[in-house]
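Turn these sequences into a full structure, and let the hints steer you where they fit.
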Amino acid sequence: MNTLLLAWRYLWSRPLGALLNLLLLSLGLASITFLLLVGAQLSKAFDRDLAGIDVVVGAKGSPMQLILAGVLHIDVPPGNVPLKAVQALAKNPLVAQTIPISLGDNFAGYRIVGTSHAYIDHYEAKLAQGRVWDAPMQVVLGATTARKLGATLGQTFVGSHGLGAGGHLHGDNPYTVVGILAPSGSVLDRLILTDTASVWKVHEDYTAVDDEDRAVMEEEREITMALVQYKTPMAALSFPRYVNTSTEMQAAAPALEISRLLHMLGLGTDVLRAFAGVLLLTAGLSVFIALWSAVRERRADLALLRMLGAPPRRVAALLLSEALWLGLLAAVLGLLLGQGFAALLAWLLALDNSLLIGGLVWPVELWVVPVLALGVSLLSALLPTFAAYRVSVLELLQSR
Amino acid sequence: MIQTRGLAYRYTGTDAGGALHFPDVDLAKGAVLLLSGPSGCGKSTWLALVAGLMPPTAGTLEVAGQPLQALRSVAADAWRAGAIGFLPQKLHLSAALTVQQNLAMAQWAAGQPEDTHAIATALAALGVAELAHRKPAQLSGGQAQRVALARAVLQQPRVLLADEPTASLDDEAAADAVGLLLATARTHGATLVIATHDARVAALIPPQIGGQIGFQSLHLLRKQLLKA
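One line per chain: the protein sequences are A and B, in this order. Quick note: the first sequence, position 322, residue 322 per the working numbering, numbers continuous. Quick note: the second sequence, position 27, residue 27 per the working numbering, numbers continuous.
No lab work stands behind these hints, which were simulated from the structure alone. Hints may be right or wrong, so weigh each one.
[What the hints assert, rightly or not] Partial list, derived from the structure: chain B residues whose beta carbon lies under 8 Å from chain A:
#	residue
1	R72
2	R80
3	M105
Nothing here was measured: the structure is a model prediction, and the numbers come from that model. Quick reminder that beta carbons are idealized off the backbone N, C-alpha and C, glycines included.
This is the structure:
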């Protein structure tokens, strides 16, 4: 029998108390796990999807909405902008590249994005099957979209109006799947990509009543927004101001908006983190009380161990090992519960489709959970362990 | 096996006049010492000194060939694990563990690896082998005492200390307990010290014991132990 095994048996000799302590400690750790997981995954998703996009130009309105709609694809866009205005911006000497984004339709909840091949190149996505579109009404599916829809090359479907399921169907203009992307870990995984002209075609065919009407619409074509890359970082000083003051459009810097968003989320996260801290503190106190009671109840048993030849450090190690077991079990349970909570949140908000949250991941920050678990339990055990270390055999001999 | 000369102990916080001075003792291997006296007379202190739990404040003390007065704490623990067997008044069998595990815990306390063969042998010698997988709560008082005795002699100690082994037992059970102690000590060739304030115990030790292995009775009275 070794110290850890003996401590394990002692721990479970009071099953209800051990379970309650374990639960309390685990809940505190699960809360922290959840916060760390969500924070790390959001931050990773933002870093991944915003990389290389210096500014987003779209309709005036909320700049954050523009970023969330056009880059992360988790919000509706504030409106459309004239194609000609964007084309003019593309010629600006400060601009290296513009990628058009046209939104408006979806298929089974997956957004159909009218864009150019540059959008695929920007995220360095590779084709798993087929090819990219070379004509309107051909689509390339993101890896997650294809997997969830069970789509195959050559399959056709019609989009429905709006960005969520339930809009009217554009039955006259079916799309054909010509390519499927390999998983890239980016926002493309959950999109349906097509040529910008597809979006125009679907809506012009639906709206235009005659050729004259169609000609007017072609003249006034719009896109939802453009993702802009600067030629030089210095452009950040003047380009957004130029767009915001000299055009009917707005320029939103993703880095700025996301840091604002994270700051706002951070305030809520801080409250939750404080709550988790209180839970952990309570759990630590509970572990302390449990171990302190254990030492008081088992004082004579511990003294007997001394009488049988156990040096004080071995008796103390027994108590410390009980705390160690509690910490280890709570760490495992807390991590599993935290992952479960994150998965539940992803499922409830359907964020698993958006790749923002979901799946079993182990960001490096999560190592803080087992460290905290062991720290709290061992800290709580310090005083009881010292009491066990100091236990007097004379008490055993004199207890009548 | 146990030899004391001018043994004295003074508890912290008491003045020199409060020190306990014990009579000299010479006990051969296998001998029996009945340590009697009322509560508070110094029996526990004497047991603690002989078990090497604390050094005497004066005098010399040699147990199982080991001078204890200068033995450091860590060395005393290691020595006690192999040399001293102890049967406490309250048996302190851990309720969380089976009988077998309780004995394994004694081996753990002594810093030794679990030896299931030795445990089985010790239990069998006391007639409780079939109880190995029971929890203490499932044992009768007599069975529990046998298990505790098996635990005490598991390390083949040279000195067996029994603290109030007959407390709260009826006459028949007390006779059984003392008989069992004498027989077990004899089997292991251990020197037996029985500390008790139970007047029946002296009568329960058969007269022939004194002739065969040596028997001393040390009746301690606190006022006799205190010297001005």
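| For which of the previously enumerated hints does the structure constitute a violation, in increasing order of number? | Result: hint 1 breaks, nothing else.
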